[in-house]
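Peer 1: Spelled out, the chains give:
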Amino acid sequence: GNSVTQMEGPVTLSEEAFLTINCTYTATGYPSLFWYVQYPGEGLQLLLKATKADDKGSNKGFEATYRKETTSFHLEKGSVQVSDSAVYFCALSEDVDMRFGAGTRLTVKP
Amino acid sequence: DTAVSQTPKYLVTQMGNDKSIKCEQNLGHDTMYWYKQDSKKFLKIMFSYNNKELIINETVPNRFSPKSPDKAHLNLHINSLELGDSAVYFCASSHGGKDTGELFFGEGSRLTVL
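Sequences listed follow chains A and B, in order.
The numbering of the first sequence is this note's numbering, which starts it at 1 and goes up by one.
The numbering of the second sequence is this note's numbering, which starts it at 1001 and goes up by one.
Derived from the structure by calculation, the hints contain no laboratory data.
Every residue gets a Cβ at the ideal spot worked out from N, C-alpha and C, and that includes glycine.
Don't take each hint at face value.
[Claimed, not checked] The calculated lysine-lysine pairs, modelled on DSSO-like cross-linking and capped at a C-alpha distance of 27 angstroms, are:
| no. | chain 1 | residue 1 | chain 2 | residue 2 |
| --- | --- | --- | --- | --- |
| 1 | B | K1019 | A | K49 |
| 2 | B | K1067 | A | K49 |
| 3 | A | K77 | A | K49 |
| 4 | A | K77 | B | K1041 |
| 5 | A | K109 | A | K68 |
| 6 | A | K52 | B | K1067 |
| 7 | B | K1009 | B | K1052 |
| 8 | A | K52 | A | K68 |
| 9 | A | K49 | A | K68 |
| 10 | B | K1040 | B | K1071 |
| 11 | B | K1052 | B | K1036 |
| 12 | B | K1036 | B | K1019 |
| 13 | A | K60 | B | K1041 |
| 14 | A | K49 | B | K1044 |
| 15 | A | K109 | B | K1071 |
| 16 | B | K1009 | A | K68 |
| 17 | A | K56 | A | K77 |
| 18 | B | K1041 | A | K49 |
| 19 | B | K1067 | B | K1009 |
| 20 | B | K1052 | B | K1040 |
| 21 | B | K1071 | B | K1019 |
| 22 | A | K68 | A | K56 |
| 23 | B | K1009 | B | K1071 |
| 24 | A | K77 | B | K1040 |
| 25 | B | K1040 | A | K109 |
| 26 | A | K49 | A | K60 |
| 27 | B | K1052 | B | K1071 |
| 28 | A | K109 | A | K77 |
| 29 | A | K49 | B | K1040 |
[Claimed, not checked] Chain A residues, not near chain B, derived (Cβ > 10 angstroms throughout):
| no. | residue |
| --- | --- |
| 30 | T12 |
| 31 | S32 |
| 32 | Q38 |
| 33 | R99 |
[To be verified] Distance windows between CB atoms, simulated:
| no. | chain 1 | residue 1 | chain 2 | residue 2 | range |
| --- | --- | --- | --- | --- | --- |
| 34 | A | Y30 | B | K1052 | 20 to 30 angstroms |
| 35 | B | D1038 | A | Y30 | 23 to 33 angstroms |
| 36 | A | S85 | B | Y1010 | 21 to 31 angstroms |
| 37 | B | S1039 | A | G78 | 39 to 49 angstroms |
| 38 | B | K1052 | A | Q81 | 37 to 47 angstroms |
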């Protein structure tokens, strides 16, 4: 079945550091890939997505590229801010079935 | 105007009780979901409905019963609550179809079983 594996956290960075959160997937077909973010006490919200191979999703300085050859969708940001502290979830979807990774908690210190 | 709203936000109850969580979406979406998030933030799909029809039913105890009176509502009823049911339950919706696209989540309902 479809599944997502993302790097375990927690991740702690200083403000303006470079961020990478790794995500790899297993799928039988051609899924869409997503990154969601969950701020404390809130539900998940979409950060970015890519629907086919080589697509790059981007939003708020975050980027991820759909790599079919390595079945990966790593999240990157060049310079993190304290306000980026949250839990980040990689996810994949085929039809209506959306599967999430285990989540990676990011803490950014001033 | 909240897109996906669920009530109650907090629920504290004793083992063995029965409780319900309600969810409503005003986005006109065809597909709704229930997810369970444990204390380690792991998010597991429980059920999904498309136009009131059950389409995903993961390995969930029979004590959990979803009900969808119409495509804008998906409620979750839990019988004979157990300690392990303590979690945050999230309702979500999407437009469904071959490319589901984005899921829109409610704020979650934190259930504590004592």
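Peer 1: Now tell me, hint by hint, if it's right for this structure.
Peer 2: Checked hints:
1. K1019(B) / K49(A): Roughly 36 angstroms between the alpha carbons, so the hint for K1019(B) and K49(A) is violated.
2. K1067(B) / K49(A): violated, 30 angstroms
3. K77(A) / K49(A): Satisfied, since the Cα-Cα distance of roughly 15 angstroms is no more than 27 angstroms.
4. K77(A) / K1041(B): holds, 22 angstroms
5. K109(A) / K68(A): Not satisfied, since the Cα-Cα distance of roughly 34 angstroms exceeds 27 angstroms.
6. K52(A) / K1067(B): Not OK: K52(A) and K1067(B) at ~34 angstroms, beyond 27 angstroms, violated.
7. K1009(B) / K1052(B): holds, 24 angstroms
8. K52(A) / K68(A): holds, 9 angstroms
9. K49(A) / K68(A): holds, 14 angstroms
10. K1040(B) / K1071(B): Since the Cα atoms of K1040(B) and K1071(B) sit roughly 31 angstroms apart, the hinted pair is violated (cutoff 27 angstroms).
11. K1052(B) / K1036(B): Answer holds: K1052(B) to K1036(B) is near 20 angstroms, not above 27 angstroms.
12. K1036(B) / K1019(B): holds, 15 angstroms
13. K60(A) / K1041(B): Roughly 23 angstroms separates the two Cα atoms, so the pair holds.
14. K49(A) / K1044(B): holds, 20 angstroms
15. K109(A) / K1071(B): violated, 43 angstroms
16. K1009(B) / K68(A): violated, 40 angstroms
17. K56(A) / K77(A): The hint holds at about 13 angstroms.
18. K1041(B) / K49(A): holds, 21 angstroms
19. K1067(B) / K1009(B): The hint holds at about 19 angstroms.
20. K1052(B) / K1040(B): Distance of about 31 angstroms is beyond 27 angstroms: violated.
21. K1071(B) / K1019(B): holds, 22 angstroms
22. K68(A) / K56(A): holds, 12 angstroms
23. K1009(B) / K1071(B): Given that 27 angstroms is the threshold and the Cα spacing comes to 22 angstroms, the pair holds.
24. K77(A) / K1040(B): holds, 24 angstroms
25. K1040(B) / K109(A): holds, 22 angstroms
26. K49(A) / K60(A): The given pair, whose Cα atoms are some 13 angstroms apart, holds under the 27 angstroms limit.
27. K1052(B) / K1071(B): holds, 5 angstroms
28. K109(A) / K77(A): Within the cut-off at roughly 15 angstroms; holds.
29. K49(A) / K1040(B): holds, 24 angstroms
30. T12: holds, 16 angstroms
31. S32: Answer for S32(A): violated, closest chain B Cβ roughly 6 angstroms.
32. Q38: For Q38(A), whose nearest Cβ neighbour in chain B is about 8 angstroms away, the distance does not exceed 10 angstroms, so it is violated.
33. R99: R99(A) is in fact no farther than 10 angstroms from some Cβ atom of chain B, at 7 angstroms.
34. Y30(A) / K1052(B): 20 to 30 angstroms: holds, 28 angstroms
35. D1038(B) / Y30(A): 23 to 33 angstroms: holds, 30 angstroms
36. S85(A) / Y1010(B): 21 to 31 angstroms: holds, 24 angstroms
37. S1039(B) / G78(A): 39 to 49 angstroms: For G78(A) against S1039(B), whose Cβ atoms are near 32 angstroms apart, the range 39 to 49 angstroms is violated.
38. K1052(B) / Q81(A): 37 to 47 angstroms: holds, 43 angstroms
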